[in-house]
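Undergrad: As you go down the protein sequences, you meet chains A and B in turn.
Just so you know, we're using this note's numbering here: the first sequence kicks off at 1 and counts up by one.
Just so you know, we're using this note's numbering here: the second sequence kicks off at 1 and counts up by one.
Hint data in this document are derived by calculation from the structure and do not stem from the laboratory.
Be aware that one or more of the hints could be misleading.
Claimed, not checked - To give an idea of the interface, some chain B residues facing chain A are shown, with a C-beta separation under 10 Å as derived from the structure:
(1) M1
(2) E61
(3) W65
(4) R107
(5) G108
(6) G137
(7) G142
(8) V143
(9) V144
(10) L311
(11) R315
These numbers come from a predicted model, not from an experiment.
Here a beta-carbon is modelled for each residue, glycine too, at the ideal position from N, C-alpha and C.
There are 2 protein chains.
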Amino acid sequence: MTTRIAVATEPGYEVLVGAGVFEFARELAAPRDVLVRDSGLPEALGWLETSGAIALPPGEEAKDWESLGALLGALAHEALDRSTTLFVVGGGAALDLGGLAAALYLRGVEVVYCPTTLLAMVDASVGGKTAVNLPEGKNLVGVVRQPRAVFADTRFCASQSEAEFRSGLGEVLKCAVIGGERGLESLEHDAAALAKRDAAALERTIARCVRLKARIVERDPLERGARRVLNLGHTFAHAVERVAGFGRVPHGVAVAAGLGAALELARAAGVLRDATLPARVRRMAKRLGLPASIDALREEFSLALPPRKLLEAMRHDKKALAAQPRFVLPERAGKVLHGVACEPSLVERVLAPKRKRAPGTARPRRA
Amino acid sequence: MTTRIAVATEPGYEVLVGAGVFEFARELAAPRDVLVRDSGLPEALGWLETSGAIALPPGEEAKDWESLGALLGALAHEALDRSTTLFVVGGGAALDLGGLAAALYLRGVEVVYCPTTLLAMVDASVGGKTAVNLPEGKNLVGVVRQPRAVFADTRFCASQSEAEFRSGLGEVLKCAVIGGERGLESLEHDAAALAKRDAAALERTIARCVRLKARIVERDPLERGARRVLNLGHTFAHAVERVAGFGRVPHGVAVAAGLGAALELARAAGVLRDATLPARVRRMAKRLGLPASIDALREEFSLALPPRKLLEAMRHDKKALAAQPRFVLPERAGKVLHGVACEPSLVERVLAPKRKRAPGTARPRRA
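Only chain A is shown next, with the shape it has when bound in the complex:
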C-alpha cells in the first residue's frame, strides 16, 4: 500500500508513505544525481547503492558546522552542477543537514528526502525546515526550503533500535494532541499495533502526522505564526536536551516529557480547558512506553535537570523573544496556543522535581 500526500507549499511536493516506496525514489534518480546517506544505516537493508554515495556521520553528530562544510566541499569536489538532485537517505539529522547543503550548494539544487526513522518521517521530512546546530544551541543555522519529493518507506522502521523507534513515537503523540479528538482516537486505536511496528498501522500513523503537518505549514511556511503550534512540547524538550547534553535523551522522548510539562503549565496558567486531557495523554504515553513528565524523564535517565539550568536553557531557545521564553500550550486537543508568556514562578513550579528522592542518590538503607 502507498499513501500519497500533496503538500501545497510554494513549490509544492508529494510525500509518499508505505512499505517499498524507497524503490520509487531509486527510479526517480538520474545517473548524475547524488546519494547522501547516513553512515549509521545498516548495509544489510540492501536498498542502497553505496558506490559513489556520500556518507554522513551517524545521528546528531552530523548536524554541525564542520560536517556541513565537509558535505558542501564534497559536492564541489565532484563538480556537481545545478541540475543535480541530492537524494538524502537517513534520520532527521541527515535530512536537516543534507537539505541545508542542497539549499546552499550553487545557491540551491533540488533535494529528495528518504527518511529512515519514524521520527524523521513524521517530523523532519515535511515542511522544508533545514538546520545545523551551533555550540550556542540547536538548529540556530538553517533555511526553510521545500524538497522535490519525500519517500517515507515504513520498512526502514523495522530495523530501528527500540530507543530510536520510541523517539519517533514521542512526536507521534504530540501530533495526536495537535490533531484533536480524531487524532487522539486514531492513535488510541493504533497504539498496540504501532508498538509492534505493524506496517499498516505505521503507514496510517505516519500519513496522519504528515497530513497534519502539511496543512499547518501550507498556511505558514516560514513559521511566522500558526506553524509554531508544531513546537508543542519543544521549548521544554530543547531545554532538557541542552542541559542533559545533546544526544543523551532522544529528541522524541524529550518531546513526550515536554508535552507533559506543557500540559502541566497550561493547567497552572489557566489555559487548559479540557481537564481530562493530561490524564488521557499520560495513559497514551504509558502505552507507547514514553515518559509523560520531566520527572519521569529524570528518573529514567538518572538526570538531575536542575530547574534553574532548564530555565537558563529556555532563554537561549531561538523562539525566545528578547530572552523571554514564550510557550506553546494546549487549550484542548486540536486547539493549541502559541506565543504564551507565563509567570516565571509558574514555569519554575512545573520544572521543579516533585519526587522526594533525588535521581542518582541511593535509597537510605535499613540498618
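Starting from the known structure of chain A, fit chain B onto it as the hints suggest.
TA: Showing chain B alone in chain A's frame:
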C-alpha cells in the same frame, strides 16, 4: 540628491542612491539591531557607530566558510532573536557574507545593505545573491534572498583607493553594454566626471546600473535564465581570478578584461552583429583606465595566465553544465545571449596570448 529605485522582487525593496543616504540607514536601525562592518573601512568616515559592531576581515578574505561560521557564532553568542535586522556596511564581500549569515541565522533575519564601494553599489547590493567561497571555487555556497533595503551612499566612493574604485568601473562598463545604446551613451557622457568621482555622475551611473539589474532580477530572481546576462564577462573573469590567485586581480578589472574576451569570442563564434561594438568598448575601457582584453591584463599584472589553466578553471565555473562551459555573449549593445556553447578551439584562440613577449620575461637586450 537622492535617487530611489524600487525593486519589485518577492519581497520587494528600495535602493536609495546618493550622497548622505547612509544617515537614513542609521535612522532606520532599532536599538537591538546589529551593525556588521568591514574592518577595512576607515574609521575617519565618522558615520559608523563602532561600539557593538561586529567586524569582518577586510575584502575577499571575509568570504570563506570559517568567517561565515564565526559571524553566525557571534550572532548566536549575542542571543539575537528573529526580530533583529543586520545592517551590513562594507564592500561586496562583506555584503555577500553578511547577507548569507542573515539568511541562515535562525532560518532568516532581515538584512539592510550599506555598500561602501562602487563595485558593491552596482553589483552585490541588488538582486539578493549571497555567497561565500570554497577552496574549490568562488561563490559555490549561498542563497538568493532579498534585503529589506539598500543604502548606496556615494560619499563612500571618495575614500576608495584608485585600484578599488577602478574595479567598480569594470562592472559599470559591463552594465553599459547590457544596457544598450542608451547605457553606452550615458557612460560615454559621464566617463570623465566619473573618473573624478563627481557626486552627481556617480549617483546617475550607480542608479542606472541598479535600475538595469533590478529590471533583470525582477524577471528572473533565481537565475534560471534571463538573469544570466548579468554574468557577461564573468566566465572569463572568474577563470582569470582563479588562475591568478584570488585577490590578485580586482574583480571588476577582471570583468572588464573578460568583457573584452567575450566580445572577441562573440565575433569569432559569429554571434556578434554589431562590428563596431568591440572598438567602442575598448575606447571606453581606455577612458576608464581598464584593460579591454586578457592580454592587457596579463601585461598590467605581469601574469602568464596560460590558456590551458584558464580553460580548466572555466570547467569549474558553477554555471558550467556537466563541465561544458557555456558563455554569455553580446550580439549587440542591449542584446546579450546566455548559455551559448562554443567550440573549444575558438575559446582557446581567444585565450591565447597575442603579444609575442611573454609577461615576466625580459626584452632581449642589444649587445
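Undergrad: Compare the structure with each hint and give your call.
TA: Against the structure, the hints come out as follows:
About 35 Å separates the beta-carbon of M1/B from the nearest beta-carbon of chain A, more than 10 Å, and the hint is not met. Interface restraint check for E61/B: the shortest CB-CB distance to chain A comes to about 17 Å, outside 10 Å, so the restraint is violated. Hint status for W65/B: holds, given a least beta-carbon distance of 5 Å to chain A, under 10 Å. Taking 10 Å as the C-beta cut-off, the interface hint given for R107/B holds, the closest approach to chain A being about 5 Å.
Interface restraint check: G108/B against chain A, minimum CB-CB distance 7 Å, threshold 10 Å, status holds. Evaluation of the G137/B hint against chain A yields a held restraint, the C-beta minimum of about 6 Å falling below 10 Å. At its closest, the beta carbon of G142/B sits 5 Å from a beta carbon of chain A; the interface hint therefore holds under the 10 Å criterion. At about 6 Å, the closest approach between the beta carbon of V143/B and any beta carbon in chain A falls short of 10 Å, and the interface hint on this residue holds.
The interface hint given for V144/B is met, as the beta carbon of that residue sits about 6 Å from the closest beta carbon of chain A, less than 10 Å. About 14 Å separates the beta-carbon of L311/B from the nearest beta-carbon of chain A, more than 10 Å, and the hint is not met. With a least beta-carbon distance of about 7 Å to chain A, the hint placing R315/B at the interface is held under the 10 Å criterion.
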